[in-house]
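Engineer: Next come the chains, spelled out residue by residue.
There are 2 protein chains.
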Amino acid sequence: MEQRISLVTLGVADVSRARAFYERLGWRGQEVEETVFFQAGGLALVLWGRDKLAEDAGVADGGGGFGGVALAQNVRSQAEVDEVLAVAADAGAEVTRPARATFYGGYAGCFTDPDGHVWEIAWNPGFPLADDGTLTLPDFGTP
Amino acid sequence: MEQRISLVTLGVADVSRARAFYERLGWRGQEVEETVFFQAGGLALVLWGRDKLAEDAGVADGGGGFGGVALAQNVRSQAEVDEVLAVAADAGAEVTRPARATFYGGYAGCFTDPDGHVWEIAWNPGFPLADDGTLTLPDFGTP
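Residue numbers (our numbering), protein chains in the order written: chain A, 1 to 143; chain B, 1 to 143.
Worth double-checking, as some hints may not be accurate.
Chain copies aren't distinguished; within one or between two, either way the pair holds.
[Stated by the list, open to error] Under the rule of at most 25 Å between Cα atoms (straight-line distance), these lysine to aspartate or glutamate pairs were calculated in the DMTMM-like manner:
1. K52 / D131
2. K52 / D90
3. K52 / D132
4. K52 / D139
5. K52 / D115
6. K52 / E34
7. K52 / D82
8. K52 / D14
Hints listed in this document are in silico derivations from the structure and should not be mistaken for laboratory results. Only a predicted model underlies this, so the values are computations on that prediction, with no experimental measurement involved.
Take these sequences, add in the hints, and give me the full structure.
Structural biologist: Below, the structure written as structure tokens:
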């Protein structure tokens, strides 16, 4: 199996509400058959009905709450962390962890989208970001 | 907020067990402070203790089950869908939806990793994949 991800699909209660939230963050997507696709670098973020997603995957849906997955966007400065968290809060996100210094010498905060999906916004000087936003892990020198 | 994802972090019960599973799929990562980082195209897939992830994000953890998120890897042929699902099953995954034709003219199946995280493996002739595996959404002609 190749080492890559093509799509990240977020199950949502109301596709229109979820799309409106991401559009207030400035994202622009396309909707096809009650599914919204956002190009996000070399992959796509997708919004789809949570019930349909569970059924399609062949799994039972316990019904909500934290699902053990967090998305992160690394940005280029501490100030940009604050800016993005403010935009998200204005768009209706809940800031679940206000921005603060991190143990790795960075700065980060978290919000949840209207369906409870976690986003961390982080400035991490140890994880290089290219101009196009692609992230390259450093060589940690560990196996 | 820029339209991209830097990290996808999967909360897991046992980092070593989870890492072993992904290594059996052929993935290679680095471990730093009980966190495993896999370069996955222009972003990173991260394995981290689910309890730490919830605490770090400032959210309560209802305790498991489907979390309303699915990852997908698009591959280049129907045969490759079957191959990857077989590799995953051999590695201990549960195939929750055997591969079958999809309504969009493709072919896809799903498995869950040892912590219940959903992966769909799909061949979708309508979503172009570059040689390096980056996916570019088509123009659906819809807003």
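Engineer: Does each hint fit the structure? Answer for all of them.
Structural biologist: Right, here's what the structure says about each hint:
Neither within a single protomer nor between protomers do K52 and D131 lie at most 25 Å apart by alpha-carbon distance, with minima of 36 Å and 31 Å respectively. In this assembly of identical chains, the alpha carbons of K52 and D90 never lie at most 25 Å apart, being 29 Å within a copy and 27 Å across copies at closest. For the identical chains of this complex, K52 and D132 are neighbours neither inside a copy (33 Å) nor across copies (30 Å), given an alpha-carbon limit of 25 Å. Proximity of K52 to D139 under the C-alpha cut-off of 25 Å is restricted to the inter-copy arrangement: shortest distance 23 Å between copies versus 40 Å within a copy.
Taking the closest pair of Cα atoms, K52 and D115 come within 25 Å of each other both inside a single copy (15 Å) and across two copies (21 Å). In this homomeric assembly, K52 and E34 come within 25 Å of each other (Cα to Cα) only inside a single copy, at 10 Å, whereas the closest approach across copies is 34 Å. Taking the closest pair of Cα atoms, K52 and D82 come within 25 Å of each other only across two copies (23 Å); inside a single copy the shortest separation is 35 Å, beyond that limit. In this assembly of identical chains, the alpha carbons of K52 and D14 lie at most 25 Å apart only when taken from the same copy (12 Å versus 29 Å across copies).
In summary, the numbered hints that this structure violates are 1, 2, 3.
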